[in-house]
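**Q** Residue strings, one per chain:
2 protein chains.
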Amino acid sequence: MDLQAIGKLAKEASYELAIADSKQKNAALETIALALEANESEIVAANKQDIQAGIDAGLTDALLDRLLLDETRLAGIIADLRSVINLADPVGEEFDSKLLENGLKLSKRRVPVGVIGVIYEARPNVTIDIAALCLKTGNASILRGGKETIRSNMVLVKVIQSALQKAGLPKTAVQYIESTDRALVGELLKMDQYVDMIIPRGNAGLQLFCKENSTIPVIIGGIGICHLFVEQSADFDKALAIIENAKVQRPSVCNALDTLLVDEKIAAEFLPKLAAHLLPLAVTLVGESKAKAILGDKATVAQEGDFSREWLSLHLGVKVVTGLNEALAHIREHSSEHSDGILTNDFTVANKFINAVNSAAVYVNASTRFTDGSQFGLGAEVAVSTQKLHARGPMGLQELTTYKWIGIGDYLVRG
Amino acid sequence: MDLQAIGKLAKEASYELAIADSKQKNAALETIALALEANESEIVAANKQDIQAGIDAGLTDALLDRLLLDETRLAGIIADLRSVINLADPVGEEFDSKLLENGLKLSKRRVPVGVIGVIYEARPNVTIDIAALCLKTGNASILRGGKETIRSNMVLVKVIQSALQKAGLPKTAVQYIESTDRALVGELLKMDQYVDMIIPRGNAGLQLFCKENSTIPVIIGGIGICHLFVEQSADFDKALAIIENAKVQRPSVCNALDTLLVDEKIAAEFLPKLAAHLLPLAVTLVGESKAKAILGDKATVAQEGDFSREWLSLHLGVKVVTGLNEALAHIREHSSEHSDGILTNDFTVANKFINAVNSAAVYVNASTRFTDGSQFGLGAEVAVSTQKLHARGPMGLQELTTYKWIGIGDYLVRG
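From first to last, the protein sequence lines stand for chains A and B.
Using the working numbering, you'd call the opening residue of the first sequence number 1489 and step up by one each time.
Using the working numbering, you'd call the opening residue of the second sequence number 1489 and step up by one each time.
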């Protein structure tokens, strides 16, 4: 496995992709869709081997379900691929154009980033998703999936590559690191001469490893320690509906609610309603001392670190705060700056909250569950960034691009 | 020197700055301008100590000149500071606003990045420039200047801090790492819990050190290996004027020309004119074999690595290429992706060049010297980025900001 050679080929492919027009890129995506349909049985058979290996290794049913790629799921992935074809191509857009006093005609043109390295876990749909979104935006990609789906991924990439060749684009535009040797991730993160951007899609450990070891810019994200603050003026019943939605609809995802902060002026009245609403939905309330005192045996006692964890389960941290300022201080200390919101009818307090909270998505009277590329109308989602630079929150196609300045003169010198 | 304490104070100050309005920030900047005027003699005296220490250490006259901060230069810096006051504040702008089908009122709001760490060398004007640009955009800054100007910088920061306090903003909004211990730079680069962005303003060694050691996103930039390609259809006289401007006007800066690529179809005619034009201006032509063969004793022989260096002097690499494709290949291999241009009268070739060259600034019939914040009409320049993410090319105030998504609903849940 010569990773340097993969990087060099990817960089060369990126030059070709950068000048491919939308029609050509869309034709390649359609060729891939057709090839996936034509190779359905081989793909499903490879996935069956992954599943069997997973059963032999004693993986949980939940994880096995994430690995599964049957005919129905493959059809869904192919449908998603075709919807990417229908999205507008952001590449080539010119913006901020101006004729400067010095005579220079200046504009910014949106261009692909170049080569994108993506490190991800279990689910094989990510392989096709990411390859397609990168191709659509003229980027070459180097993929590194989890070892549990290596057989599925290798067949998928083989199908994608031969389709690319058929469509007249370099097959090295999508490459896969076939070895499961973890040292290769470390090597990929240092290949800044070839790779322009790293997207780690995985747990906090992977994010940290990338942050600490990469010489390539990394998009940190996907970890959501999300808060809602129930301010004293909130409508209780409507607030409960939002809390239920944020916590219960899909507890295993990053935009699910982790901590509820409740104004002490309403805590005695609101918390029993909260328990009555959520306990029948199998939610476990985890209270700090003041909340626990009100909730009694309806809540467990919060342990050290409970307010700094992403639950990914039906647990909900509950804390009573003295008001807006303590809520803001708690959010600053514990939020992963993914999605945080306030439930209130007070316009002034709502604006203070919006101004002071510095998360990628800040909500007033809406569920944290909205932080999602398709909910935000981006059409697709590559990742959810929780860092400050380049992109914040759901990243769509545009966030896989950068710009270059184009200056045109009539043989113009600087005075 | 407790760097962690500095980081924590900076983060706390950033919360206050983020909600300060433009009027308050501008008033603070004017207070700083007045304080610099009032403390002119103390500042100039501290700088005299730096200069004396530099003389004792045997610094070159050129470097001593860079360190110098006399009354005239200080007045210039204060004038620049007042022009920052007059720039529009990008913070608070809302954009991409939309009402989504799901009922969510969504917009992006431009907000400060947070805490910015800046590592720079000799010139003391950078201390005031950067502090002012960060304050204007609501960012706290942690500054680390070169040891040659430590006395000047410490007085400047003391003046800035007491002016901040007078203006009602936290004095910890601008902090300076007073020790010259280099290990502290390494420690700063790991403080990702407090610092959101690192801007290294210095040589390639500093850039590399930051890239390899930072867990904080770094803005790599300021290294320009810049190219011009003289295509066969170019107007010779006008081309020579641009080449002179790009090479001779200010050879020590990053947007100066380093390598001239000449189409072989015109080389025999053009290169003698080039030599006749540039040699009287003290330019040394450094030719690869084909160029040297034509230029004879008008050029020295290019050595290994000469086409991969930023000259920062009156040297100019000259290479004869077979046409556009070889020019593009050379630029891809050697450019630092700062500023590259083509001189041509052929519209089709010009467009091919623009499409294929992936540098931060790509020019047609214009000098590379235009790559500059003030030339581009940005009003100020923090740095020139040569990386792909967040910002490319000259970075103005907007590039010191990020955005957050604001979602407002009427007690809205995700369906």
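Calculated directly from the structure, the hints in this document are not laboratory data.
A quick note: this is a predicted structure, and the numbers were derived from the prediction, not measured.
Take the hints with a grain of salt, since some may be wrong.
Copies of the same chain look alike in the list, so a pair counts if it fits in one copy or across any two.
[What the hints assert, rightly or not] Under the rule of at most 20 Å between Cα atoms (straight-line distance), these lysine to aspartate or glutamate pairs were calculated in the DMTMM-like manner: (1) 1699 <-> 1680; (2) 1753 <-> 1700; (3) 1635 <-> 1732; (4) 1635 <-> 1589; (5) 1753 <-> 1568; (6) 1786 <-> 1776; (7) 1778 <-> 1584; (8) 1699 <-> 1675.
**Q** Each of the hints needs a verdict: does it hold here or not?
**A** Cross-check of the supplied hints:
| no. | hint | result |
| --- | --- | --- |
| 1 | 1699 <-> 1680 | both (14 Å within a copy, 10 Å between copies) |
| 2 | 1753 <-> 1700 | neither (44 Å within a copy, 50 Å between copies) |
| 3 | 1635 <-> 1732 | neither (35 Å within a copy, 57 Å between copies) |
| 4 | 1635 <-> 1589 | neither (57 Å within a copy, 39 Å between copies) |
| 5 | 1753 <-> 1568 | neither (48 Å within a copy, 51 Å between copies) |
| 6 | 1786 <-> 1776 | within (13 Å within a copy, 81 Å between copies) |
| 7 | 1778 <-> 1584 | neither (53 Å within a copy, 41 Å between copies) |
| 8 | 1699 <-> 1675 | both (14 Å within a copy, 15 Å between copies) |
Of the hints listed earlier, those the structure fails to meet are numbers 2, 3, 4, 5, 7, in rising order.
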